[in-house]
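Protein chains in written order, with the working numbering: chain D, -18 to 443; chain V, 8 to 538.
Any given hint might turn out to be false.
Here are some of the chain V residues that sit facing chain D, going by a computed Cβ distance under 10 Å [said to hold, decoys possible]: (1) E41; (2) F165; (3) F348; (4) K351; (5) N363; (6) L365; (7) V434; (8) F438; (9) E463; (10) V529.
In silico DSSO-like cross-links for lysine-lysine, where the CA-CA straight-line distance does not exceed 30 Å [as the list claims (entries may be wrong)]: (11) D:K336 - V:K289; (12) D:K336 - D:K246; (13) V:K532 - D:K336; (14) D:K246 - V:K433; (15) D:K436 - V:K351; (16) V:K31 - D:K336; (17) V:K289 - V:K111; (18) D:K246 - D:K181; (19) D:K342 - V:K35; (20) V:K289 - D:K253; (21) V:K246 - D:K342; (22) D:K342 - V:K351; (23) V:K351 - D:K437; (24) D:K246 - V:K35.
The set of hints was computed from the structure by calculation and includes no laboratory data.
Quick caveat: nothing in here was measured; it's all calculated off a predicted structure.
Glycine is no exception: its CB is placed at the ideal position from the N, C-alpha and C atoms.
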Amino acid sequence: MVFYILVLLAAVGVAGYFAGRSKAVTVIGGEVHKLHSLPSQHGTYVALFATLPALLALVVWGLASPGIETSIIKSRFAAELAGQGVPQIEAFVRDAKAIAFGGLVGFTDSTKEAAAAVYRSLHTTSLTIIGVVCALLAVGGFLYSYRNITASFRARHVVERVVRVFLIACSVVAVLTTIGIVLSLIFESLLFFGEIPVLKFLFGLHWSPQSAFTGAGTAAGEVNEDIFGAIPLFAGTLLITFIAMLVAAPVGLMSAIYLSDYASKSIRAVAKPVLEILAGIPTVVYGFFAALTVAPFFRDLGQLVGLSVASESALAAGVVMGIMIIPFVSSLSDDVINAVPQSLRDGSAGLGATKSETIRKVVLPAALPGIVSAMLLAVSRAIGETMIVVMAAGLAANLTVNPLEAVTTITVQIATLLVGDQEFDSAKTRAAFALGLVLFCATLALNVIALRVVKKYREQYD
Amino acid sequence: MTDIVATPLSPRGKPGIHTDAAAKARLKARYGAELRFKWLGASAVGLAALFLLLLLSTIVTQGLPAFRMNYLTLPVDLSAVPADPAARAGFDYAGPVNEAVGAKFPDVTGRQERRLLRGIVSTGSGVILRQQVENDTSLAGKTVDVQVPLDDFADLYFKGLLAESAAPQPLSGVTVSGASGDVAVTFSDDTIARLARGAGAIEAEGGILRLTSGAASLLLDAGGGTVKLTEVGPGNTAKGIVYEALDAPVSTASPAVLRTITTPEASRKITDREIVWLDRLKADGAITNTWNTIFFTSGASREAELAGVWGAVVGSFLTLIVTIGVAFPIGVAAAIYLEEFAPKNRLTSLIEVNINNLAAVPSIVFGLLGLAVFLNFFGMPRSAPVVGGLVLALMTLPIIIIAGRASLRAVPPSIREAALGIGASKVQMVFHHVLPLAMPGIMTGTILGMAHALGETAPLLMIGMVAFIVDIPGGFTEPATILPVQIFMWADFPEPAFQQKTSAAIMVLLGFLILMNAIAVVLRKRFERRW
């Protein structure tokens, strides 16, 4: 139905374009140069006025009507649903919807069938209403704009204003995304902190939310405050990030130095694509590699020298994450090193320094703020990385600094708490949002600091 | 500096501080440090290349076998298939397939053994046969040769990934006491005892070597059948069970062949009995190894041999269509506004900072956003490509905006001034002159952003695309999974065949990524203008 409305609107738009254009031509008796705006601009003007209001109405309806329909259902069947928990009511509404519009139904009974019937009639009514509203808006807009066309009418200004508003709206989408992220994280986190004190979450030493409830995960169960201590997760995240940086920082930095100052053209032609491919490989592939090849390798190596290495050791996940970050560090450092002016290198060489002395004593100190910021960005990347740790790191939250043991990270816990879960109103799932908030703040802070470091300590050479 | 060879004397007759022995040593040390530093850099690059090589070679060696599959050709009797379409719909095609497998080995009679025998073909054979009959109804009532896929373990055995075997050893002077059941075997010399010891047999009393399931399996081909040896000794005798009936007991000493499966039966997923059957079928020419079409045409399945990537490929495709449909227009429009129209004020600088920060937000946070906003707030369907596409669109938006701004900035101001000079409005100038010139660069950035989105997994786990979906998705709102998530799920399955499937799916994913990057490179090379 909505699809047909859209098709009709498109047809109206096309018709409006041609009608507006031909009216503009006829109104001036064919002498187009006397028009203020081009005929096509008049056409676009009519097309925009005929379709845009109806489209906006459709969008508003699409956003609002499901909620309205659901709340009507809930109020109509309030008597039947009285005394039931929120998840049950949600399941009831979901099933009724599924019966009415097709879909997977958990189980059905007469109340649900009745609700489905009400749903169907409600939906038909609202569809009719929006259809009529759209038709009125389209016809009204068409007539209004069509009548407006005269020789001196400034159609171009109107059209260009609409275009500009559209452009602004599009650039605001990015801001809206950020606001959406922040609001959804904060909203769910506040609900979570209503049940679990913030301090117990941030400084607690015990994390096992999977055993959060005595019951089957309903809101009726008692929430145990002491099993939401996130310190083991922070420690695990830092441990894996530290291992990753131990791999990525030296290798990435040295390869950037080598490629920018030593490598011949032919080596660069091979090495650059290698790093680009390394950067383009999806993280799930790295995760598979870590779980399948690297972790067993470290385990067997440990057995060989008599160490017990967990099969989901932090070491394996960290090393593979380090490999993933190498190209990131390398390309950022490469930019920074290349930004150091050649005159500094020439000056150093002129004083008799070797190339490596120039790099170590002149180029690197000059590039230091940029390199520090690159490392901070790499750390932020490592903290937020999910798939490698989900596949290769552990699930149990151990508080340890031993890289041979299994640890878990913030991202692993977010993924395991939310994957496969249908109910989103328990402390367990809200904990994932609280963790997400911590993650968001940490990465944001790292990025801001990285920018500040560059801004504050950068030397201006030219 | 390198041509300081002799040590010229300073005017006063003493070597100078730049020429004495200490200076030489110093110089040598400095050149040594230089060389070490250079090699350190080269080894860093080499290490990165080595990692890449290791990663790719692991994936390719693991994944290649999954692109081929072994099929068993069976003469299936379809006389019981009803001609009436309604009755045919309820017909169980697994029955005729099982009978055909049983007919290959008529002497297998035990209940358990028959079940084991049925297990060498895929449980999906009946479904495949049904499709063939529905496609060509004239098959009903006839006996036709049908190719059915082997079970994943049987398939892996033929690929040599499940059990290792040594070269067959010809023996002479062998007798076998019976044609079926438990038999006694005699040999002409003590080679067999040596072989049994080598196989890891356990020494028992009276010079008997017991071949338990922890030892390598010794299979003796004699008299047209196969005997599995269970005990060797005393002396040059042995006891065994006939796994495949002999034509007749071998009473006169005659030549035989001893096969050794070096992987012990206890530590492999396939029994000796199955190996004997499969080798027999192979020798009969009933096994064909062909291109694995199931892998490329079917959706997910719990049975490794029936699982394919097509469902995930379609899901990825639908998701990417939504992503590009949303992210490209919005991204380009935002780039145009910020680069061409935006006044330099606090609002626009806020938007700019915000876009840069958004590019650094971890992808899983976008998943949380999708979960909270699209699923819980707007009530959109779980696991649907439309939601996945929207989440990925928000994620790739900053990439497209940044790439778009860069290529708009690369268009020289002279183009703008010329357009404005001949009376174009600002909108006309941008859309008629600047944007077309910047388009190749924007497209390149967009394709790279799409490649990034194609490989993204974490945010889609959050919005339920990790569900087990057998059907090929047919629309944007139907439940679907995508290629990286499929890889993630398969990586978790314990069956060894799924490991190969995972690697093969990764190869498919990498193939798509290489294709997209190649298109981007070609676009850049072909259309990008240097001003």
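Inset, instruction - Of all the hints given earlier, name the ones this structure violates by number, lowest first. - result: Violated hints (numbers, rising): 2, 4, 10, 11, 13, 14, 18, 20, 21 and 22; every other hint is consistent with the structure.
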